[in-house]
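Residues per chain, in single letters:
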Amino acid sequence: MMVRPSNDVDPAPATGSALGHVTICDLSGQLAGAGATRFLAAFGARVIRVEDPVRQGRWDILRGSMPYRDERRGLEMGGAFNNHNVGKLGVTINLRTDRGRELLTELVAVSDVVTENFASGVMDRLGFGYERLAEIRPDIVYVSNSGFGHVGPYAQYKTFGPIVQACCGLTAASGLAGQPPAGWGFSYMDHLGGAFMATAVLTALVHRARTGEGQWVDMSCTEAGLGLAGPDLLDAVVNDRPMRRDGFPDSNRSRAPAMAPHGIYPTAGDDEWVAIACRDDEDWRQVADHIGEPWTSDPRWTSLDGRLLRQDDLDASIADWTQRQDRSALAAALVARGVPAAVVARPEDRIDHDPVTAAWGLWPTVSHPEMGDVRVDGLPVHLSETDWRIERSAPTLGQHNEYVFGAMLGRSAEDLERLAADGDI
Amino acid sequence: MSAERPGPLAGVRVVELAGELSSYCGKLLADLGADVVVVEPPGGHASRSYGPFVDDVPDPERSLWWWWYNTSKRGVVVDLATADGRLDFRRLAATADIVVESEHPGHLAALHIDHGDIRAAHPDLIWVSVTPFGRSGPRAADPATDLTILAGGGPVWSCGYDDHTLPPVRGGGNQGLHTASVFALMSALVALVHRDAGGSGQHIDVNAHAAANVTTEISSVSWLLAGRTVQRQTGRHAMLEPTLPVQVLAADGRYVTTGFAPQQARHFQLLLDWMDELGVREDFPEAFFLELGIERGGIDSRELEGDPEGLAIMGAGRDALVFIASKVAAYDFFVGSQERGMQCGIIWTPDEALFDTHFQARGIATTVRHDDIGRDVVYADAPIGFTRSPSRISRRAPHLGEHDGELLGDPGAS
Chain A
66 MMVRPSNDVD PAPATGSALG HVTICDLSGQ LAGAGATRFL AAFGARVIRV
116 EDPVRQGRWD ILRGSMPYRD ERRGLEMGGA FNNHNVGKLG VTINLRTDRG
166 RELLTELVAV SDVVTENFAS GVMDRLGFGY ERLAEIRPDI VYVSNSGFGH
216 VGPYAQYKTF GPIVQACCGL TAASGLAGQP PAGWGFSYMD HLGGAFMATA
266 VLTALVHRAR TGEGQWVDMS CTEAGLGLAG PDLLDAVVND RPMRRDGFPD
316 SNRSRAPAMA PHGIYPTAGD DEWVAIACRD DEDWRQVADH IGEPWTSDPR
366 WTSLDGRLLR QDDLDASIAD WTQRQDRSAL AAALVARGVP AAVVARPEDR
416 IDHDPVTAAW GLWPTVSHPE MGDVRVDGLP VHLSETDWRI ERSAPTLGQH
466 NEYVFGAMLG RSAEDLERLA ADGDI
Chain B
12 MSAERPGPLA GVRVVELAGE LSSYCGKLLA DLGADVVVVE PPGGHASRSY
62 GPFVDDVPDP ERSLWWWWYN TSKRGVVVDL ATADGRLDFR RLAATADIVV
112 ESEHPGHLAA LHIDHGDIRA AHPDLIWVSV TPFGRSGPRA ADPATDLTIL
162 AGGGPVWSCG YDDHTLPPVR GGGNQGLHTA SVFALMSALV ALVHRDAGGS
212 GQHIDVNAHA AANVTTEISS VSWLLAGRTV QRQTGRHAML EPTLPVQVLA
262 ADGRYVTTGF APQQARHFQL LLDWMDELGV REDFPEAFFL ELGIERGGID
312 SRELEGDPEG LAIMGAGRDA LVFIASKVAA YDFFVGSQER GMQCGIIWTP
362 DEALFDTHFQ ARGIATTVRH DDIGRDVVYA DAPIGFTRSP SRISRRAPHL
412 GEHDGELLGD PGAS
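These protein sequence lines map, in sequence, to chains A and B. Numbered per our numbering, the first sequence finishes at 490, counting up by one with no gaps. Numbered per our numbering, the second sequence finishes at 425, counting up by one with no gaps.
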């Protein structure tokens, strides 16, 4: 048994928090699920993450997976797992045994919300489909988050971020003209899927407060992604302009609203880039004035129509100039002239050298019992009365069994010993 | 699901000042059943001029940007530059549970209609401000667009191609705006749940740059944890070390993505069987390693350090998917791999996805009546499936000032 870890000081809900009255029985994982309950935990919800003792919580592929802090490996060393599960309590329950299922039943009975992002049908097979959950607690809010939802031809299909992004169109909508899809270099839809899942939980709680009614919410990440396609999707449908066409996408440019120049340009240095967006003629005049070379006053570039018509030429001329510039100095000079511009920020730029994220307190530190002090993602919002707090690391496997099963559910110490010895927890 | 039942946010009143960073937040609130009133200046919000336009005819009522981001809302015109207009806005805000705005920091304060001015008399009001860099702080006054938010905030660094002479890529569809809006939405709902439990209203400061920063997955985590920088790759995660390509051109010229490399013995067998069905097994040189993977009872990618045979099996599994994809049509590969339990995908364009058989069966493509031009238009419906209180697009975006008559002038209007 490990020493009592430093993040176990006060697992009770924070007072004065927005969601301190909400208890969530959280069977979710990865980022699409864990990201949702992470957000809710930051506002004080008591999120109890249920993990499988038999597989040591590893149905969540992030438990024990890269990125790592150092050369140490093991269940508690997964950096993403820690990042996505800060502020939660962790218990182990073996849902294969009768006594395990009894424990989950007791936990559901004291919960307002049950969340999961298993594949479709898993909760039914475990004996905890919505009907059963509502028997245990009639006004339960039960939110399932799956790739394709629980109904329909692909209901059984499995996904993770990149598959969701491919199937909903986001991958195809990202890229340069004449190149294959670039897609997203990370699981954007795990972040957004988690956001929609948190929205589902909160919305259902608002509905419950007004009607007394709980419900099951069948949330599908691919559908959430489809809704993120934006006005281009309507253009395809209304104007019969299929998106599978030459020149689409060209997503560093901006067709609507029409802007030019609008792109990502090389600067001096290795793999260093700057983004520039000219919203109107005045922005362009400022850029042209800053460049200060004769070609910029060519009348072809005076009007937006002219700049759009020969955008390849314009971009080539701009890139020829920018590649001799320092990216940070250039971005700062253009912003000072009122033109939207930004370096393509590397993680070190925006995390360690960005006055905005520093002033915001965007990278809080948590103390993990095994990893030590580590910085994690904060939240991009501040609430004047009930702001978020991220103070506790992710739970180690079964870290809060004693608190949750004992203090919350009233199980005795002997009982817990027996459950542990029999492999129920 | 009954179309007659009110949405889950029925009874919640939202007043939204039209703005790029917050319009998607307003749309989602409206599609979830809230009564959202979008407030535009005389002449209409700038986004009515963005397009694309219906039949490519520029017109403030034919802007598909405006249509998309303002479904299910009612609309009024209020001139905040005049005292009468500011009074109208104060009266409207006083009827609201939530005000959402994305004005330039300082603009509303200069007009004495900022959250402090109005919340003083209405302490239950929840007021959400969405700005590029936060309402105060070092860069609060700086200009930004979707492109610069995503470039400066981190997502762009991770997106693009293996070839780093090509620029990194902004993902399409206004995701910088969406990310800010989604955090605005979630925070507003947190404040509403708090208020429902007896708490007061409050002000919420949403920072789009910060929102992009915490939406980069392992890019941030790798730096925060280990001070290491991920590098972008074509169609797959930016990583610390290069990984094998996953994006494959299928036999019909469309792309698929192969996802994780298979690791289970069962999947190695299914891949061999699939090749047999297609009659191409003898053309796949690594079949031996799949057989070895079956003999070993599968592999675990997390335990392959110092195991060249295991690595060869893993490579063979991935290569088998790539090989099969090159022999069949993209859709057949997608369905065939998923039916065999492997997580692969087809790279649809969004409009292809909207009309895909699965999404059709789930009814996500919904028809919205545009009475003014006599057309029924297919939209992607609200994406969250509430079983008791269905969310949905309830009406087309409002015309300019369409609801002035019913909403302005009378402080008790509803």
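For the record, the hints were derived by calculation from the structure and aren't laboratory data. If you're wondering where the values come from, they're calculated on a predicted model, not measured in any experiment. Treat each hint with caution, since some may be false.
Stated by the list, open to error - Pulled from the structure, derived: some chain B residues nowhere near chain A, Cβ distances all over 12 Å:
#1 P53
#2 A105
#3 L203
#4 S211
#5 P296
#6 G308
#7 D362
#8 P394
#9 R406
To be verified - To give an idea of the interface, some chain A residues facing chain B are shown, with a C-beta separation under 8 Å as derived from the structure:
#10 R134
#11 F183
#12 G186
#13 A265
#14 S393
All C-beta atoms in this analysis are idealised placements derived from N, C-alpha and C, irrespective of residue type, glycine included.
Okay, the hints, checked on the actual structure:
no.: 1; hint: P53; verdict: 20 Å, holds
no.: 2; hint: A105; verdict: 19 Å, holds
no.: 3; hint: L203; verdict: 6 Å, violated
no.: 4; hint: S211; verdict: 6 Å, violated
no.: 5; hint: P296; verdict: 25 Å, holds
no.: 6; hint: G308; verdict: 16 Å, holds
no.: 7; hint: D362; verdict: 4 Å, violated
no.: 8; hint: P394; verdict: 4 Å, violated
no.: 9; hint: R406; verdict: 15 Å, holds
no.: 10; hint: R134; verdict: 5 Å, holds
no.: 11; hint: F183; verdict: 14 Å, violated
no.: 12; hint: G186; verdict: 13 Å, violated
no.: 13; hint: A265; verdict: 5 Å, holds
no.: 14; hint: S393; verdict: 11 Å, violated
Consistency with the previously given hints fails for numbers 3, 4, 7, 8, 11, 12 and 14, ordered from lowest to highest.
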